[in-house]
Amino acid sequence: MRYLPLTNTDRSEMLAKIGARDIDALFRDVPKAAIVGRSAFDLTDTKGELEVDRLLSRMAAKNVAAGAAPFFCGAGAYRHHVPAAVDHLIQRSEFLTSYTPYQPEIAQGTLQYLFEFQTQVALLTGMEVANASLYDGSTATAEAVLMAQRLTKRSKAILSGGLHPHYAETVETVANLSGEVVRTPVTPGNAEDIAALIDDKTACVVVQSPDVFGLIRDLRPIAEAAHAKGALLIAVVTEIVSLGLIEPPGAMGADIVAAEGQGIGNGLNFGGPYVGLFATREKFLRQMPGRLVGETQDAGGKRGYVLTLSTREQHIRREKATSNICTNSGLCCLAFTIHLSLLGEEGFSRLARANHARASALADRLSKVKGVSLITPSFFNEFTLKLPKAAKGIVDRLTTKGIIAGVPASRLMPHEADAANLLIVAATETTTDEDCDAFVSALAEAVS
Amino acid sequence: MRYLPLTNTDRSEMLAKIGARDIDALFRDVPKAAIVGRSAFDLTDTKGELEVDRLLSRMAAKNVAAGAAPFFCGAGAYRHHVPAAVDHLIQRSEFLTSYTPYQPEIAQGTLQYLFEFQTQVALLTGMEVANASLYDGSTATAEAVLMAQRLTKRSKAILSGGLHPHYAETVETVANLSGEVVRTPVTPGNAEDIAALIDDKTACVVVQSPDVFGLIRDLRPIAEAAHAKGALLIAVVTEIVSLGLIEPPGAMGADIVAAEGQGIGNGLNFGGPYVGLFATREKFLRQMPGRLVGETQDAGGKRGYVLTLSTREQHIRREKATSNICTNSGLCCLAFTIHLSLLGEEGFSRLARANHARASALADRLSKVKGVSLITPSFFNEFTLKLPKAAKGIVDRLTTKGIIAGVPASRLMPHEADAANLLIVAATETTTDEDCDAFVSALAEAVS
Amino acid sequence: MTMNNQGRPTAPGTVESNELPTISGDRGLDHEEALIFEIGRSGMTGVDIPQVQMSDTKLGGLRRKGPVGLPGLSEPEVIRHYVRLSRMNYAIDAGLYPLGSCTMKHNPRLNEKMARLPGFGDVHPLQPEATVQGALTLISDLMRWLTTLTGMPAVAMSPKAGAHGELCGLLTIRAAIAARGETRTRILVPESAHGTNPATAALAGFTVDEVPATRDGHVDADALEAKLGPDVAAIMLTNPNTCGLFEPRIKEMADAVHKAGAYFYCDGANFNAIAGRVRPGDLGIDAMHINLHKTFSTPHGGGGPGAGPVVLSAALAPFAPLPLLVQDANGFRMIEDRAELPAGAQPFGRMCAFHGQMGMFVRALTYMLSHGADGIRQASEDAVLSANYILASLKDVMSAPFGEGPCMHEALFDDSFLEGTGVTTLDFAKALIDEGYHPMTMYFPLVVHGAMLIEPTESESKESLDRFIHVLRTMALEAKAGERTRFDGAPRLAPRRRLDETAAARKPVLRWKPKDLPQAAE
Amino acid sequence: MTMNNQGRPTAPGTVESNELPTISGDRGLDHEEALIFEIGRSGMTGVDIPQVQMSDTKLGGLRRKGPVGLPGLSEPEVIRHYVRLSRMNYAIDAGLYPLGSCTMKHNPRLNEKMARLPGFGDVHPLQPEATVQGALTLISDLMRWLTTLTGMPAVAMSPKAGAHGELCGLLTIRAAIAARGETRTRILVPESAHGTNPATAALAGFTVDEVPATRDGHVDADALEAKLGPDVAAIMLTNPNTCGLFEPRIKEMADAVHKAGAYFYCDGANFNAIAGRVRPGDLGIDAMHINLHKTFSTPHGGGGPGAGPVVLSAALAPFAPLPLLVQDANGFRMIEDRAELPAGAQPFGRMCAFHGQMGMFVRALTYMLSHGADGIRQASEDAVLSANYILASLKDVMSAPFGEGPCMHEALFDDSFLEGTGVTTLDFAKALIDEGYHPMTMYFPLVVHGAMLIEPTESESKESLDRFIHVLRTMALEAKAGERTRFDGAPRLAPRRRLDETAAARKPVLRWKPKDLPQAAE
Ligand SMILES: Cc1ncc(COP(=O)(O)O)c(C=O)c1O
Ligand SMILES: Cc1ncc(COP(=O)(O)O)c(C=O)c1O
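Residue numbers (the numbering used here), protein chains in the order written: chain A, 4 to 451; chain B, 4 to 451; chain C, 1105 to 1626; chain D, 1105 to 1626.
Next up, chain A with everything else stripped away, as it sits in the complex (with noise of 0.2 Å):
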């Protein structure tokens, strides 16, 4: 087998220093019933490179690639363009076959990156601290509810009904154990009056902007009215790309933020991995979870970086750990930053912009469609439309035409009675003329 080193003399020779019989005399301490042999296993045998690379081939041909089609797909994850050098640099054997930072002596590699990953999201997010990544945007909101919960020593979280479905359940699902998760009602287009729900039960209302319909929510009054009441806002990003164009969440009060990343330097990957971004102020950094990287000096007086605060973390903390979390996004980390080093102040403030008209270029067109309307006054690169008919039909008709049109919030809120005809679209300068070309005439047939 081609990845296994041995030969059969070194293992005879290896089991003649061990002293071992064979190797069956090294597996003693199993239980003799519970060794099986290979008929044990209905699976394949060894296979070489050729085989396996047309058997997988094949099978990823059966998948229509976001590339080969108009796309218009978002609701969380976002189609963007990644340079070749991001995908050129993570596959270095030195950052791909790596691991976690624990001798940082012969990893400074990876501590200086997420040093300069952490700087970034606090930067983007405008907050005074980040850690160094969560597994993705989900988690992270759940893990900064979580901790809203320490902080304040209260139970009680509110989240938004513009928040992305799959987020709550994911919130409610660890955050009911601790507590109790209170969901307000979906208002397409809409933001909900979630302040006056804010009570000194309250430790944490989470609003998510843009929301999953694309809205972009201003942060700044629930800020005020959580803080009146002792609680935190947690502000939810699941569009990175918008921050270059949308004032971030740190400007408007939020106290903790937590992020998709995966629109920077990250391709779709069918959901995962991403990466999480977690943000929040100094003053909380005792109860932040995942991994820190701090600044420090060698016994040379070099400067260089290490693991830091690690009295928070599972392996040293054990049940009063601040999260479980050990194993996070490394490489996704590594991904987003160097995307967004490229990027860098300018090519990122252009890449939004070229989102936005993009979007807005589309939203106009798609809306002067007989029967369309589109219902989000306000967008960053995706906004939603209403159809005189269910979405899910359109989109499963377009499809068959070879458009992938976006995604029907029945997709993501079936009991929404009125997010029936409901579509929500996306569009990122990747988009092409002729992709909206074809989206609007394909639309306007199958709707009429």
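Hints may be right or wrong, so weigh each one.
Claimed, not checked - Straight line, CA to CA, 25 Å or less: simulated DSS-like cross-link-like pairs of lysine-lysine:
{"id": "1", "chain 1": "C", "residue 1": "Lys1499", "chain 2": "C", "residue 2": "Lys1566"}
{"id": "2", "chain 1": "C", "residue 1": "Lys1566", "chain 2": "D", "residue 2": "Lys1617"}
{"id": "3", "chain 1": "B", "residue 1": "Lys204", "chain 2": "B", "residue 2": "Lys156"}
{"id": "4", "chain 1": "D", "residue 1": "Lys1566", "chain 2": "B", "residue 2": "Lys20"}
Calculated from the structure, these hints are not laboratory results.
Chains B, C and D with the ligands: place on chain A using the hints.
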């Protein structure tokens, strides 16, 4: 422009330091009339990566990739499966963006793999020494002829009719200047009696095996005849993988081996870049063209490698150099040597067997097609069929059916009347049963 | 794997360098590299995106007021920056990486190639299911490999790493208990357990009750059985355990646990020792996470990403979280909502958005198809063989707390052989860095004093193991002979000497700030 | 670019190391690595290919008798081997690479991605033309960029590198002269010319006649004109020349050459200085090769591959070699045979099999489309600006043989500033290695004593140039102050000290041999 690190501020500061009014001042020596402006070039301006990616991807999509169809072309370039590790490793920055190892202290990586490459080439060909590559098989053959002329101080080179016509033309182009080149008649499927033509003016005979039709040639009698007349035998190999199964030229008396190394580690690339292999006897060392890497020690007594015997080369010997070559095929050697390291003795011989088995099975089936006959009694992974009609027409017809049926001999030798109906067909480990089925039935239909 | 020495910050005294100083500060091929924020300048960018016209009217009056504050670098500068940083890292590709409990095995390149096929890398989690049948087939094939290898009926695919899998497992157990109308609050966790186990138990709302270890490194089965009771929801055992030993009384414990109405959660981080030879399902396990990034080699550079699918027993299967993959006449479908649940399904909730770490799934299935069942079995055997070879070759000069062995895929040593030498486990491990090796896991598991946990994996040749053994033997003998030069203040030959972790923790500097702004922490 | 110090083998005396010896021989992240032949063992392989049944009957009785003698390694070992080797190399991606005459500029990654599109990388040179129209379009687009940038009517695409392009150019000239029924045997080549120029002239069957340089580093135009005569076939001039200067009297020389019935071949290796600003066609040039791997950034790691298309004047165009790309109603076609020649075409022959370095063409066109005409112009200006900045910043401490400048894209220094210091050009260059830089080109061009030719290219930031200048200034001042520590026996901090080139050449060991066999050279 994303690749240019200087800002306008930098530029003016630098001009100030230089004491130049503007950039034009630095082009002082250029005749005014010769300085042109942007308008002199009817070419596009800077494009972003996304846009360029789109343009080229569209162009690429206009080609039928070999992997996307049943594919049977060979005749000097062969499609083999290259393990993913090869392309990953040759893209290591330290390999990809370094240059000729002129500074051995910081180029041991390149020097060592070239030393290993030289060893592998010597082993494969059964020769004593090999150089660090030439451009490709055809130019290596031309260099071999020139070297033979230098060594024998004779002018005549006899080229076998079985030598790839492109190779023969390449040799004629340069060797005619220094002497005369004779080509023996083309005898598809048979070995011409080249020994008879060797006289005491003959510097060398050039024989390809397997020849352009796929026929395996016995070099032993030719070597004897050549040596008897004081001439040299130059053996040419266009499919290097064949040496995993066939007796190497070195074992059959060849004095110089010129080969195309593309088949190991390198893709088809529409004809280039490929890698020229060049091996010979130790005693001819000082007449060899191209770079050589040799083992030595550093001042600390550690083993190391350096470019050596440069006194043969243009940068030292100038007009008296053994060749004018400077840039060679570095990265292609690297791909070659990595792939061969992965294969090893075991993998290489299995690969060769798999190729021959594939081709044999296909040849059996195709020669059973009514009106079709196999004219090459022996072959490795490529053979020639005689068709009842012009091969070119058949190939075009099968192309419309999505099958790339091979290379019509007429494409390489339009003047050979009796080559018109000959089709040169190659099969490798990448050829599937489905590919063969499709070919056999489509051919049967086309010739009926 | 976590290193408890991280929890005991070290503050080395400054040492003077006997190196020839260079003008540049760089040394041959070793370049120092500043932060991107110190390199970049405004106006520069590494991408060319046209400046488009755009109106503010659709931004709800919330257009960003100030700049982000990002530095501007050209592409060549960015590439040089990361290439230089990478050269300061150790990696599997560069050498043996014996980090116990982390299974740092070879990451095949084919896996990377497959994960980048547009049909996998460029598909959206919410695009119409008709357009992702290949992706769903892949997930279903992977599920089949995982359930077959573990001998368990079901698997939940969405957990994003081992710890996330632990949470998924415990929440499944919680739901199963609730469905029985019971409430059980206690979870038994061995003191040798990995930190994520107790942390997860607490996160899932349980109290943690520690089970002691026996002198031979196993879980004290008697103590465990004694602790069982009506309030015990589950035990969380690692098997093979964190001492690198298989729990001989595992079935007995499983039976006792089941008899007590509790469930058996197994931490599968060490599955690489037994895959293809032992099926956890045959051991009475109810739930176990599998770290695809360990056992099945998906690269997790810099600490992630991972994937932690959880295999489930028949008793727990109904409570698996959403989404659920089902197959019907029209092909595969993801059930994302309770309304469409198949009969009997009572999902406890959702672990995360979308349906898990697809990129890791592609790599793991590529690994499995490449190895095949026979190759996976061979890999486990080689991993165990290599660990035992190391144990057998070093036990006379280092101290193996649990004696002769055999061990499973990890060889555990304690620091008693260093007693009185003045050389600590930390010194010993750091000296390995100068020798060109990544240190073993230190100070874990906690049940052993000054633990050194060595996991060679199946990816090393005998020659490589022999070199490693030779170095460790020589170091051990030197230490015992009181020759400390190699250890004091090691490493000396790495990009950095020991770093001051105390200072880092005392005055946290967690981000770059423009010179004019004070560091927030000060 | 060639380094003449290679021709003057150096044999350093052994130096003793003051380094702390390690047990392994490795040092931190710096690993020593044996030859694959010393690592591998029989029976092992890094690929899994099924062992197929096969009969000998079709092998003409010539089946291989013995083994090849290749070592067997697993994939992890192979990857580790090459990763470790790579870490012993300097590269553009790691630092400034001021190797004069080599234009070691940034290699964009997009180019690599495009070259690997199956539609380019996986197409066969002889598959039906209907199936490669995209590939032929690409070649035709590249031809348009090259002819437009150079202001020449035609271009021959098949030459595989610069030297091959030189040969192509001279053979075109030879054919043109023959077509006029003349024979001309002499070629005028400046003494400052790159070695490939005289070597190529000889290869093409001409005699070489050297033209001296003036004291200010230009070709002596008067001497050149004096040498013109009926037997002169051509002059081969490099412009900008190898001293980094533009030939001010170039048009005058071109006119004289044409008046004498000869042709003007220009070595275009230095095109990067003027691309987008000056069109060689406007200077009276008849043929010029372009090193795509220099000016247009196609990577040539380890010394290749390259591509050397040759642009041709109207006078020479008809004699361009086969194949010829033509376009008609059915699209593009490669004319590979004389029978199908378009009117007037009289190709002199063929340079190589197939139609050139397609992989390089894709990269070069990607580079051109990315930069655009404006970006290419800017790149040339920045390259020239950077070289002049270096010249201006160092001329007071180092010695610039041709004074104040301005220069083009290269700054040339001689070793007179080292006179009496005991420090040689070689020492000075090797000391740069310890500072983290690749040395400049040394001992070329030959017209300058102890030449140091610095080509920064346009890929360096001002900060990077300033650091480099600071290091060179400090070194120069130290050398003059007689502080030799930094220079004696440098480099000290690289993977190797100076290597014994004399020994290597005296007893050539050009391949590994099994221990039992004696080294052939001994
Ligand atoms: C024994 C053990 N359990 C659980 C974990 C947690 O797994 P992950 O890091 O994938 O969350 C680890 C990983 O370090 C481990 O070693
Ligand atoms: C001035 C000059 N001419 C010609 C050449 C030869 O070009 P190539 O190396 O591509 O054959 C070079 C390359 O080093 C050069 O610097």
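Check the structure against each numbered hint from earlier and tell me which ones fail, lowest number first. none
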